[in-house]
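J.: Sequence:
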Amino acid sequence: MSITIADVAARAGVSKTTVSRVLNGKGELDLRTAERVRQVIDELGYVPSARAVGLARGRTRIVGMLVPSLTWPWMGEVLQGAVDVVETEGYGLLLFTCNRGEESMQQFASQVSAQSFDGLLVIEPEGTLAYIEQLHSRGLPVVLIDDRAKQPVFPSVATTNRAGGEAAARHLLELGRRRPLVITGVDWFGCTQERLDGFRDTYAAAGLELDPRLVFEGDFTHESGRRGVQQALEAGIKFDAIFAHNDLSAGGAIQAVRETGRNVPNDVSVVGFDDIPYAQHTEPPLTTVHQPMRQMGQAAARMLMDYFGGKPLPEAPQVLPTTLIVRSSTAPARPS
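Mapping of the sequence shown onto this note's numbering: residues 1419 to 1754, in sequence order.
The set of hints was computed from the structure by calculation and includes no laboratory data.
No residue lacks a Cβ here, since even glycine has one placed at the ideal position from N, Cα and C.
This list has only true hints and no planted wrong ones.
Ranges between beta-carbon positions, derived for each pair:
hint: 1; residue 1: K1656; residue 2: G1727; range: 55 to 63 angstroms
hint: 2; residue 1: D1629; residue 2: A1527; range: 43 to 51 angstroms
hint: 3; residue 1: E1507; residue 2: S1555; range: 20 to 28 angstroms
hint: 4; residue 1: T1506; residue 2: P1732; range: 15 to 23 angstroms
Please model the complete structure; the sequences and the hints are all you need to start from.
T.: Shown next as structure tokens:
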């Protein structure tokens, strides 16, 4: 049987509170009493759990992280960034997903009630922002990663989605691409509208209004990229470039274009968004807008670590820049 704090207290002839004070260095204790308790701890081989010691000190030294799913293509990079910081500071990471919907959120809520972690990192599962804001208002330190332009009432780390769309548009314009097909992300994501606005406004500033018939709503999947291209072709709409709102849909678009016998990048140039590892392995390798996902995870975790160290959480979002990465899926337009 495992040795408990009650066993130590009984053998030493003191209360459990006294044993706890010895373990945590709290309160003034008689030196002989403290020495006797330590001797009994050694004799019994009692090892206090890190969680018990942390709670006694008012800190679990655990960070919670709530995410929609681990299947999102860039999720691993964000997680690794958070872990880089959390583990360096001697904290653990308790991960929650929403794979089982309401059941998952109930399990998460029970851990919140049990005060199982000191602070929370969030990549917002759909429909949970109001609840997370409520937790923050009750005193739980929260940092949102990838705020999707929602600008919550608590700290967040975001990236320059609009500037990324602008960079994609400038690149295609410089290549002489005048009729781009746009395959967007999920409509309710703020980042989708930001990427579209940046792209569309840059074309408009060059005197080229984006044809509304060339904007297809996708859902960030490979299949939505294929479907956007197929729908444009079936409608007889001509295009010489594609801007897809993530790399998976860009990969689907490349595949659909090549199946028609057209060449990527010469007939149709393709730009994605995210720069996940997959982008380097499409055929041809994908030009894309790099999101600093690992750095975003690191920055969010650093905010919590600084808060635990006594520094206030920042009021303004921290925004990390995107970068255009040019590969072989884009090339100058051929003369007419």
